[in-house]
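Engineer: So the chains spell out like this:
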Amino acid sequence: MILMILFHWFFVGLTAPFLIGVIARVKALVSGKVGPSLFQPYFDLIKLFSKQCVYSHGVTWVFRISPAVTLAAMLIVCLLVPFGSLKAPVQFSGDILLIVAVLSLSRFFMIAAALDTGFSLEGLGASREAFFACLSEVALFMCLIALTLLARRMSLSGMLGADSPLSWNLLGPALLMVVASLFIVMLAENCRIPVDDPDTHLELTMIHEVMLLEHSGVDLAYMYYAAIIKFFIFGAILVPIILPVQTIFPFINTLIFAGGMIGLAALVGLVESSMARIRLNRVRNLLLIAFALAFFGLIVTLWRGAL
Amino acid sequence: MEIFNGGNVASADIPDLSAADFRREVVSRCKADARLVNLFGCSLEQGAVRLFAILGQDDEASLSIVSTCFSADSPSYEAITRDLPAAHLFEREIAEQWAIMPKGHPWLKPVRYHANYRGVADLWPDIAERPIPGSYPFYAVEGEEVHEISVGPVHAGIIEPGHFRFNCHGEEILHLEIQLGYQHRGIEPLLCAGDLQRGVLLSESIAGDTAIGHSLAFCEVIESLAGVVAPPRAQALRAVALELERLANHVGDLGALGMDAGFLPTSAFFGRMRGDYLNLLLALTGNRFGKGLCRPGGVLFDLDSGMADDFCGKLRQYKNEFEEVSALLFSRPSVLARFEGVGVISSGDARELGLVGPAARASQLEHDVRVEYASGMWQYHHIPISLSATGDVYARALVRRQEVMRSLEFLLKILPGLPRGSVQVPIGPVRPNALAVSMVEGWRGEIMHVGITNSQGRFARYKVKDPSFHNWFGLAQAMRGGEISDFPLCNKSFNLSYCGHDL
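Protein chains in written order, with numbering that gives the first Met the number 0: chain U, 0 to 306; chain F, 0 to 502.
Derived by calculation from the structure, the hints in this document are not laboratory data. The C-beta atom is built at its ideal place from N, Cα and C for all residues, glycine as well. Any given hint might turn out to be false.
[Unchecked claim] Ranges of calculated distance between the beta carbons of each label pair, as one might list FRET restraints:
1) PHE48/U with GLY347/F: 55 to 61 Å
2) GLY12/U with SER330/F: 38 to 44 Å
3) ARG315/F with ASP198/U: 29 to 35 Å
4) SER55/U with ALA139/F: 43 to 49 Å
5) GLU59/F with SER55/U: 42 to 48 Å
6) ARG129/F with SER215/U: 30 to 36 Å
7) ASP309/F with GLY258/U: 45 to 51 Å
8) TYR41/U with ASN286/F: 53 to 59 Å
9) LEU148/U with GLN316/F: 57 to 63 Å
10) ILE251/U with GLY312/F: 53 to 59 Å
11) GLY262/U with ALA139/F: 50 to 56 Å
12) LYS412/F with PHE48/U: 32 to 38 Å
13) ASP198/U with GLU351/F: 35 to 41 Å
Go ahead and model the full structure; you've got the sequences and the hints to work with.
Structural biologist: Written out as structure tokens, the structure reads:
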């Protein structure tokens with residue numbers, strides 16, 4: 000059990016930054032540049048881990064503890080998610096509720112730390128994060144409920160695992176809406192264009208990045224790592240639903256999963272390259288679309304159930 | 000007293016009105032059909048100061064000058080700003096430089112934070128000891144739910160220093176105060192102190208991205224005072240360089256607008272294309288920003304016919320590329336959704352605030368120095384004024400796009416048939432006791448230089464006006480009631496100069 004947990008973390012820690020490298024490379028290629036190395040996120044993390052933290056005089060323990068809480072929360076969520084043929088070390092009926100709760104905990108501490116700095120821009124970012132999280136969490140919940148009803152399982156491993164009953168043949172229309180909704184939620188939760196711009200240097204437009212402005216060194220590395228793992232988690236939930244291909248060879252299953260993850264990262268890169276960021280006051284419309292999609296997915300599911 | 004662009008008059012001939020008449024004249028003319036182009040002071044003997052106002056009648060292409068004198072012991076007058084908002088920053092500048100009090104000025108703060116030029120008591124007692132722009136009170140909106148956000152003078156990106164103080168209600172901006180002055184170098188006194196050679200080098204450094212525009216304006220002042228006309232070939236080459244500068248900056252701005260909206264492909268393409276135009280400037284002048292080209296009496300470098308053909312070939316290719324990439328930028332719904340309706344300035348507001356350049360043309364003010372006060376090459380080749388009506392970020396981007404196309408057409412027209420002859424004529428002594436004016440349509444808008452000589456034929460006063468000096472207040476006005484997250488985009492659509500304002 001302990002070994003399984005450690006291996007799960009080792010797997011995520013080692014492979015997750017690569018996906019961010021893929022996104023950056025795809026964006027660069029589409030704009031006609033060579034782009035940074037696929038392993039640049041690893042270099043960034045190594046650089047940050049070798050640096051000291053700097054704290055301003057005004058901050059309290061809330062600010063100091065928040066990077067650790069954020070990263071720990073992501074590591075806990077990891078344990079509930081199966082990665083291809085790698086089974087989730089922890090699974091129980093209703094673990095999807097725990098996932099949402101732990102994600103909220105990490106967000107709570109990030110927002111609290113941002114408010115703790117007393118810096119007006121961080122407060123602005125925190126208020127935006129809190130507002131958009133209200134909307135995206137509802138959509139995420141709706142997606143998970145629909146998935147639960149579709150798969151007739153209450154645990155994530157049951158939905159995504161080898162014997163998952165989710166199939167495009169039987170549940171196509173409902174699944175399509177849920178997947179589309181989850182994709183939007185993933186873009187929003189991971190601060191990608193069109194909701195947030197991870198590459199901008201403009202403090203006034205940032206959402207997630209502005210809350211990290213005061214973090215430095217190892218703390219920043221924790222936050223950065225947590226964001227990377229969060230993207231991996233959302234990918235690991237989406238990919239098995241989109242590609243429910245299961246063979247009897249674990250190696251091939253792993254290859255399919257890896258290909259799916261890289262494909263998803265490339266897709267995110269293409270979305271980011273093909274559209275501008277939407278105006279901040281229209282983000283809520285996008286999140287409401289995600290909610291509506293999941294909601295109709297749920298209705299279609301219930302209707303099928305009635306038949 | 001009438002004067003034309005590039006002309007000069009004897010200082011003694013300029014009408015000298017009483018302070019009340021001066022104010023009435025400026026206000027009534029500007030309420031009618033004129034525009035406040037410049038308002039500045041100049042010291043006389045025994046601590047007296049003479050104020051000059053230059054008013055432009057754009058339709059008739061004529062500038063008129065009026066002046067008033069203040070003796071050393073009566074340094075105050077009724078503020079013009081109350082009737083003419085365009086005078087706002089000019090009057091603050093006068094109060095700071097000459098310690099003359101504009102009574103009833105609505106927001107009397109220093110502009111650049113230095114001691115006055117007259118050597119008398121400053122209006123702000125400890126400004127000489129404490130020249131820190133941020134340590135003076137800001138305009139504050141009161142209320143429990145109003146919050147203040149301050150950005151700068153140190154920014155996350157590599158840009159010039161400036162402080163922005165937002166009073167917000169949630170995400171809505173109620174008021175924005177822009178605090179500049181961090182880059183004050185004292186350009187105007189330096190230009191008076193040095194000789195001509197040094198002056199032209201200084202003028203190239205007034206704003207690094209407008210090296211051609213400002214050095215051209217400086218050269219025209221000197222040429223006017225020396226009674227020399229630059230040879231036609233030199234004037235044509237100056238026009239080529241000025242348009243290349245405009246092309247590089249407008250193309251770079253369009254790319255930056257794409258980047259701030261989060262649309263990456265065009266920002267990369269435009270960024271590369273900006274480099275192409277800078278490389279042409281490098282080929283022409285030996286400097287990517289065009290330093291070292293314009294000198295009083297002409298230009299330092301010639302363009303042989305092989306190079307001119309090469310330029311034409313390249314510009315034709317760049318034109319095709321620009322058409323393609325700008326079509327991509329202006330056809331994306333997600334980009335248009337970011338640009339449209341953001342940072343709107345109505346035509347009336349733009350006129351009242353005295354905006355110039357692309358920002359004014361985007362609010363449908365027909366004003367372009369190249370057309371209305373044409374000098375040099377523009378007397379023979381007409382460039383249509385690029386206008387847009389909506390006054391938002393989209394309009395300012397659209398005006399830039401049109402101007403790029405028209406500049407390219409202009410260059411392709413004049414490059415094959417450049418006038419022949421020399422590129423430089425010698426400069427003699429300058430006319431004493433005279434005032435010379437030159438205007439140039441830089442890429443940001445109307446640049447005006449005014450040189451006033453003393454009896455020894457040296458500058459008693461040199462006034463530089465960068466278009467940013469007019470337009471910064473327009474940016475603050477455009478943000479009112481807007482979303483704070485749209486500020487960077489709106490700021491980029493104006494793309495004003497900090498050091499051109501701070502001098």
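Engineer: Run every hint past the structure and note whether it holds.
Structural biologist: Against the structure, the hints:
Evaluation of the 55 to 61 Å hint for PHE48/U and GLY347/F yields a pass: the beta carbon distance comes to about 57 Å. For GLY12/U and SER330/F, the hinted distance range of 38 to 44 Å is satisfied, since their beta carbons lie about 43 Å from each other. A C-beta distance of roughly 34 Å is found between ARG315/F and ASP198/U, which places it inside the suggested range of 29 to 35 Å. SER55/U and ALA139/F have their C-beta atoms about 24 Å apart, which leaves the hinted 43 to 49 Å range violated.
In this structure the hint that GLU59/F and SER55/U lie 42 to 48 Å apart at CB is violated, the actual value being about 60 Å. Between ARG129/F and SER215/U, the C-beta spacing of about 32 Å keeps the proposed range 30 to 36 Å intact. A hinted range of 45 to 51 Å holds for the C-beta pair ASP309/F and GLY258/U, which are about 49 Å apart. Separated by about 41 Å at the C-beta atoms, TYR41/U and ASN286/F break the suggested range of 53 to 59 Å.
For LEU148/U and GLN316/F, the Cβ-Cβ distance of about 59 Å falls inside the hinted range of 57 to 63 Å, so the restraint holds. In this structure, ILE251/U and GLY312/F meet the distance hint of 53 to 59 Å, their C-beta atoms being roughly 56 Å apart. Look at GLY262/U against ALA139/F: about 53 Å separates their beta carbons, and that is inside 50 to 56 Å. Taking 32 to 38 Å as the suggested C-beta distance range, the pair LYS412/F and PHE48/U does not conform, at roughly 60 Å.
Roughly 39 Å separates the CB atoms of ASP198/U and GLU351/F, a value that falls within the hinted 35 to 41 Å.
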